[in-house]
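*Asks:* Listed below are the residues making up each chain.
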Amino acid sequence: MEEITNTNNALLEIEDLHIHFVSKVETVKAINGLNLVVHKGKTLGLVGETGAGKTTTALAILNMIAKPQGRIVAGRITLDGEDIFSKTEDQMEGIRGNTVSMIFQDPMTSLNPVMTVGDQIAEVLQIHKKLSKAAAAKEAQKMLETVGIPGARSVEYPHQFSGGMKQRVLIALGLACTPKLLIADEPTTALDVTIQAQVLELMKDLKDQMNMSMLMITHDLGIVAEVCDEVAVMYAGAIVESGTLEDIFDRKRHPYTEGLFNSLPDVNNRTQSLKPIGGQMPNPADLPQGCSFHPRCEYAMPKCSQEEPPMHRFSETHCAKCWLYENTDQCMLASQDYVPSQGVSE
Amino acid sequence: MSTPSVDKKTMSRREYMKTYRKTSRLKEMWDVFVANRLAVLGLIIITIFVLLALFANVIADYDTVAIASNPVDRFQGPSWKHLLGTDEMGRDIFARIIHGARISLRIGVLSVLVGLVFSCIIGATAGYLGGVADDIIMRVIDIMACIPRIVMAIAIVAAFGSSEFNMIMALGIATIASMSRVVRSAVLSVRDTEYVEAAKAVGQNTPKIVFSHILVNCVAPIIVQSTLAIATNVMSVSSLSFLGMGIAAPAPEWGCMIATARGNMRQYPFLVIAPGMAIFLTSMAFNLVGDGLRDALDPKLKR
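As they're listed, the protein sequences go chains A and B. Under my numbering, residues 1 to 346 are what the first sequence spells out, in order. Under my numbering, residues 1001 to 1303 are what the second sequence spells out, in order.
Simulated from the structure, these hints should not be mistaken for lab results. Warning: the hint list may mix true and false statements.
Here are the computed distance ranges between Cβ atoms for each label pair [to be verified]:
{"#": "1", "chain 1": "A", "residue 1": "Gln160", "chain 2": "B", "residue 2": "Phe1055", "range": "51 to 57 Å"}
{"#": "2", "chain 1": "A", "residue 1": "Gln198", "chain 2": "B", "residue 2": "Arg1106", "range": "54 to 60 Å"}
{"#": "3", "chain 1": "A", "residue 1": "Leu274", "chain 2": "B", "residue 2": "Asp1031", "range": "49 to 55 Å"}
{"#": "4", "chain 1": "A", "residue 1": "Lys204", "chain 2": "B", "residue 2": "Lys1027", "range": "39 to 45 Å"}
{"#": "5", "chain 1": "B", "residue 1": "Pro1207", "chain 2": "A", "residue 2": "Thr50", "range": "31 to 37 Å"}
{"#": "6", "chain 1": "A", "residue 1": "His159", "chain 2": "B", "residue 2": "Ile1121", "range": "26 to 32 Å"}
{"#": "7", "chain 1": "B", "residue 1": "Leu1026", "chain 2": "A", "residue 2": "Ser86", "range": "46 to 52 Å"}
{"#": "8", "chain 1": "A", "residue 1": "Gly94", "chain 2": "B", "residue 2": "Leu1026", "range": "33 to 39 Å"}
Beta carbons: idealized from backbone N, C-alpha and C, even for Gly.
Using the sequences and the hints given, assemble the complete structure.
*Replies:* Pasting the structure below:
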């Protein structure tokens, strides 16, 4: 497999990751040859449909794939220069929450209902920073204030907070030890739109303040446009296209990426009807031969169902995995590249 | 709501609690508990029994009133002098009941605590580890559950002798089968919640996750099961003594009292009614309180 970008300033590197979930009946191939790089101080958006393997990727970074069913068949994850899979459970405990932490999808269920929010944040600080109980409690109050919750409310229980506040508590929890990498697993899916913007803004600010990297897992391209520097589009457990925000939004190359954009309403062309991607995500226990997207692809050629396409590089940052670009760098999609000189507002 | 004059950010915890929270968590639980009339009745009954047991020696001396026979006063009905009458040896039944409460409550509560410690370890291990470990542990528990608890207790007491310590251990072990199943199922339901995953994701170690995140969220079913178990064990103490396997004769044990009074119960029913009621009231009271606690302890339940 080809390296995606230069590795000098990479914080997280995932190379050729394969994860299978094995049961008596079938083997679910959740991740199939995933390559990913998150650079220091950058935000990478990991985009894809439900079931593409986004959360599995996140859990793999924390080395928290449920064993014994979940098996890491091949691949390597390097976080901050260290190989995650060679770590023992004890060593992992020192990494989780400290070097990398995760904000979970559902703020309603991700907080322990019988512990005060202050205690839950203090717990992390006690583990990693070895603070005393009192010092940790104080620090926890400070953390709450950073996310805009009065510190005095640290004595309250999760049920006394609203959904948006709980998500902010989770952010405080994730950031308590100033991790180098923050994984945000659809942090705003459970929130309503007005709060979404607030939470995203907050995460962006804190990310800049603490100078950390972020892996933003989402299926919402709007969020990607809002907060991400780079984007990786994921389909059936592998990256099909990756590049900078401009690469993906303005010069998309992969038919799946085009499909994702076509299923969004276009503000400039309100009469156009949405064009969803036909069909369903393939069953990960029974992936199609060749390119896993070919049964749903409008541009599918005979070759697509026989051989898996290689990653084609368009520029330093931009690459896509599709047979359309076997002999050319030209865009082969129906939708044309966005040309800024025409002066359409973003 | 009046606007507080203090700035939210600078106020201390105490000031904040005063200004913004009408009730603390404990007060909230207490309010839910009190709203359940039957639970309060149970708590009152338990309190009365506990107080009587604590001050048993002040109310009636053990050696002279509860143990020493007084043949002149045999089989007297209830009166102001003998609140619940006297038995076939002329001993005051009320005095014997309150001294019996000491034995029953002590063994009942301690045996459940013994069972609880083992059950939490067994149930949490099985539930959290899952897989083969779970299968092996739970099949052993299944085998234990096949033996009726009273038979199990009799077997243990018969093997090791009938001291109070042996009874506590016997009843404690007999409690493990049902209790560890409850703990396991509660742990299973909490194990896969997102906050446990989140605790793992912040680097918490396994024992801490099990104790401070999982077991704490299982207290409701465990408490209900424990109070039920106290009720059952109080009855088991009496059953064992009734069968002659528990506390021996001169001691004022409730089951033992019923056993000795059996011969005379047709002429003097109060001989068996008093200890019988004592057994009934304590076990019922523990059941009612358990129910009330279950409602009160649920953090999701808001008034």
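*Asks:* Decide, hint by hint, whether the structure agrees.
*Replies:* Consistency of the hints with the structure:
Our hint of 51 to 57 Å for Gln160 of chain A and Phe1055 of chain B is violated, since their Cβ atoms are close to 42 Å apart. A C-beta distance of roughly 58 Å is found between Gln198 of chain A and Arg1106 of chain B, which places it inside the suggested range of 54 to 60 Å. Roughly 52 Å separates the CB atoms of Leu274 of chain A and Asp1031 of chain B, a value that falls within the hinted 49 to 55 Å. About 41 Å separates the C-beta atoms of Lys204 of chain A and Lys1027 of chain B, a value consistent with the hinted range of 39 to 45 Å.
The hint said 31 to 37 Å for the Cβ distance between Pro1207 of chain B and Thr50 of chain A, and at roughly 35 Å that hint holds. Here the CB-CB span from His159 of chain A to Ile1121 of chain B is close to 30 Å, well matched to the stated 26 to 32 Å. Remark: the range hint 46 to 52 Å for Leu1026 of chain B to Ser86 of chain A is upheld by a beta-carbon distance near 48 Å. The supplied range of 33 to 39 Å is met by Gly94 of chain A and Leu1026 of chain B, whose beta-carbon atoms lie about 36 Å from each other.
When each numbered hint is compared with the structure, a violation occurs for hint 1 only.
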